[in-house]
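Enquirer: If you read the protein sequences in the order shown, they are chains H and P. All letters in the first sequence, in the order written, are residues 1 to 95 by the numbering used here. All letters in the second sequence, in the order written, are residues 1 to 453 by the numbering used here.
FYI, nobody ran anything at the bench for these hints, they're computed from the structure. No residue lacks a Cβ here, since even glycine has one placed at the ideal position from N, Cα and C. Worth double-checking, as some hints may not be accurate.
[Unchecked claim] Reference excerpt, derived from the structure (chain P facing chain H, CB under 10 Å, subset only):
(1) 68
(2) 72
(3) 76
(4) 249
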Amino acid sequence: MAEIDLYSLVKRPLITEQGMHMVETQNAYPFAVDVRANKIQIRQAIEKLFEVEVESVRTAHRKGKKRRRGRRVGRTPNWKKAYVKLKEGHTIELF
Amino acid sequence: MSDSENKTDVSDADSTETEEKSRYLSEAETVAPCKVEISITVPVETITEEMDERYAEIIKTMPFPGFRVGHTPRRLVEKKVGKDVLNDVRENVIGEAFKAALKDHDLDPISDPEGDFEGIEFSPDEPLTYKVTVLVRPTVEIPDFESITVAAVQAEVADKDIDEVIENLRKQNALLEPVADGKMAANDVAVLDFVATVGEEKLLERDNAEYNHPAEFITGLKVPSLPDGILGKGEGDEFSLTETLPETWPNEEQAGKDMVLDFTVRSVKRYVLPEVNDQFAEELDYDSLEELREEITGQVKRQAEQAARESTDKKIVDALLEAAPIDLPEDVVKEAIQHRVERTRAMLRMRGVNEEELEEKLGEAMTAERAEVEREFRSSFLLDAIAKREKIFVTEREVKERVAQMAAGYNRTPEEMQDYLEQREMLSSIRGSMKEEKVVQLLRTKVKIEEEA
Chain H
1 MAEIDLYSLV KRPLITEQGM HMVETQNAYP FAVDVRANKI QIRQAIEKLF
51 EVEVESVRTA HRKGKKRRRG RRVGRTPNWK KAYVKLKEGH TIELF
Chain P
1 MSDSENKTDV SDADSTETEE KSRYLSEAET VAPCKVEISI TVPVETITEE
51 MDERYAEIIK TMPFPGFRVG HTPRRLVEKK VGKDVLNDVR ENVIGEAFKA
101 ALKDHDLDPI SDPEGDFEGI EFSPDEPLTY KVTVLVRPTV EIPDFESITV
151 AAVQAEVADK DIDEVIENLR KQNALLEPVA DGKMAANDVA VLDFVATVGE
201 EKLLERDNAE YNHPAEFITG LKVPSLPDGI LGKGEGDEFS LTETLPETWP
251 NEEQAGKDMV LDFTVRSVKR YVLPEVNDQF AEELDYDSLE ELREEITGQV
301 KRQAEQAARE STDKKIVDAL LEAAPIDLPE DVVKEAIQHR VERTRAMLRM
351 RGVNEEELEE KLGEAMTAER AEVEREFRSS FLLDAIAKRE KIFVTEREVK
401 ERVAQMAAGY NRTPEEMQDY LEQREMLSSI RGSMKEEKVV QLLRTKVKIE
451 EEA
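With the rest of the complex left out, here is chain P:
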């Protein structure tokens, strides 16, 4: 093997001086961003040494008829277990050499090594050579924190936001009351009797079925013309609608045929929103309207502040990312995007989006996801690098505390929560996000944050 070639950091040059001869030789070459191809050579001497060691060990313990333990000649042992030893040594050497290569070239892999391991030729009298590619953590140049200035995002609370919350509360507390003139209007609720027939056959008959305008369904039956058809109808009115059953209808004979629906309106009810006054506040367990408003203001403010803090944090990270460009491993990014797209696809399918539309939407998703995924990877690499430099880590105790908090939120005991998270292997991601939080906390104190007046 020619190890004199001048590729990127050939490390055996200086290690030969310190150790007599390096046990494993390797050359690393960056073939794509974050993707490194390592060519590994294991010299015969290392293999021999490794074999000797294995045999010495085996001979020490293996009984062999006719010989005292430890006195069996190696030749006989070789005959008996040579193949296994060879395989053992092969695996061992391949693994060790890879580890040594990572250390020699100071690589931090984020994926399992890839290569044709099965195909590696191994013989005890020849040097072993093979190539693996591995994805590595990108090198991150952490920018000088002091040089970064970020404008803080201000929390803004408008009266409008508070009004919105109150409006939602009204809707949640709306009461259904019979309509005075009995005529159906938008968003009303009707109680209907109906019969659905296809030709001579009765498909479905229901009494007192509840219908919420403007849904297109009534007791599971799709009737797209119902929202329009029912408007203006009042108590006691009868009306008919005709729908064409879709070609995909499960009963083939009925598919594509017309379905006639005869409705009789029993009653019409309408949501009445409560007035916003002290009485309304009292129903929600507040002493007065003023108190309710105050409480809501507080809530909205807290939320806004939280959101503002989060977007400031995001800005800090973004600013750092801008100052520290990071090359991403394309494979990993692609995989992550693919993963997300698949998830979106499954979600859209469930919603019943048809295939053509699906593909179109996924295409859009691809580009959008890409930016997001890349940002996520970059920020996690950056935060990780900072954590490493600043020696930030999360203790087991802190994780326990967090789990206990979560447990309280889900009304479980901390132990149950712990088990639950362990089963789903979520603890490490919790630990990861806690670490990132800590880093961001540190960044908040280091980076210049300009408060706007």
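Isolated chain H, as found in the complex:
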């Protein structure tokens, strides 16, 4: 598998009500990441990008949603969600 650039691996933070809840209760920050990325790569990427220490990473594949355009049925792309739990005392300012 080709190397994924660490900087483009993390696509965006998922700033939502539910995500905020995860941050507040578990110090776990949700991100949308490249579907090909594994937990280790995600950990490295987050540690480098935000200069924090990661305790654990959990990931989930999300199926793209069905989108109808006239008679054709399409899909939005599949994507991967990662909950990055930080070690105690670490935070990410974005949220």
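Following the hints, position chain P against chain H.
Expert: Just chain P, lined up with the frame of chain H:
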């Protein structure tokens, strides 16, 4: 901010006891007559409170992706609309604080506040301080009405006044009749043919031009020597005059050159005043001379009485003003004088007064206007204060009635008049003068007026 300084009425002292802490602090200092400088301080707490309120409101309604309406964290909202909110709060706080200051110090402003509003530094974590100056209504000590005595102005009608009116009527009804000896005298009217030439060039040629002595113009051409030159000339006479064209003449080649005018007198007419007799009265639709005289006497008397009443009113106000000195805001007075002087200047210019004379006349006007403007301001402040104390006001209905009266005078419907006045924003000044009239009416009953025997 040191609010312990003992300046003129510091109001936060007692309001701190009633409210826990005043939302806005201010100090007012009178820097010139009717001019007050207000130093305003908005404590951080007020700003914070204000910000919290704004955000609470925004969060309640603003949709934000990923969050239910009303559940967006404030931090995110701040990131998105923080600048706008800050500006909003800034404006709001500045305005509110100013209003509060006016209330605290019981000030009645007559001008917009002046100050460097753009330059006010605002940050959500620091108290906001700024200064504004504002012109305020002067405090008026209304004198005791009973203590004031005014001698009534008597209406006087002399036979002379009536004669004058009749004389004017005669002039208005004068007839132009050909002159028996045909010689031109003062105030006659002549019909002339004339040719005006400059060098070889014909400037103007007219037949049957009417000339009213002693005008210096004939069909738009200025001929200063004509009034004297034409005297004694009769029908059929020919005469010539020479005028030097002014340097300002539009045609540059002709400017400064001599203009020769050749006149031929066609006819001379004279105004003949009608004799004052019954026939004269009948022509004016009266049965007899006696009736005409009576009518005129009545008119003159009414006018005189009206004038007398007005000058008595003026005396009443003047007497009150004397008893109640009022300090005027210099800026406003100056502005009003300037305004008037400009108007006079425009008027004089139109009349063609030259610049030097203009400046001189304006200088004179300045001093004269000053006294008048000051009196006007004083009396309006005084009457206003009295109206306030005596709870005199003008109702919408009364204004409507007045407008209807005016409409009748101008031959329009009341609605048309209303629209006309509204467009020119004259209704409020009508209301104002009606209020003053009412106050004066009241004063007439309160102040001692001595009728002279």
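Enquirer: Against this structure, judge whether each hint is valid.
Expert: Status of each hint after checking the structure:
A distance limit of 10 Å between C-beta atoms decides the matter here; for residue 68 of chain P the minimum to chain H is near 6 Å, and the interface restraint holds. A least Cβ separation of about 8 Å between residue 72 of chain P and chain H falls short of the 10 Å threshold, and the interface hint therefore holds. At its closest, the beta carbon of residue 76 of chain P sits 7 Å from a beta carbon of chain H; the interface hint therefore holds under the 10 Å criterion. A cut of 10 Å between beta carbons decides the hint on residue 249 of chain P: the least distance to chain H is about 83 Å, and the hint is violated.
Hint check: a violation occurs at hint 4 only; the rest are consistent with the structure.
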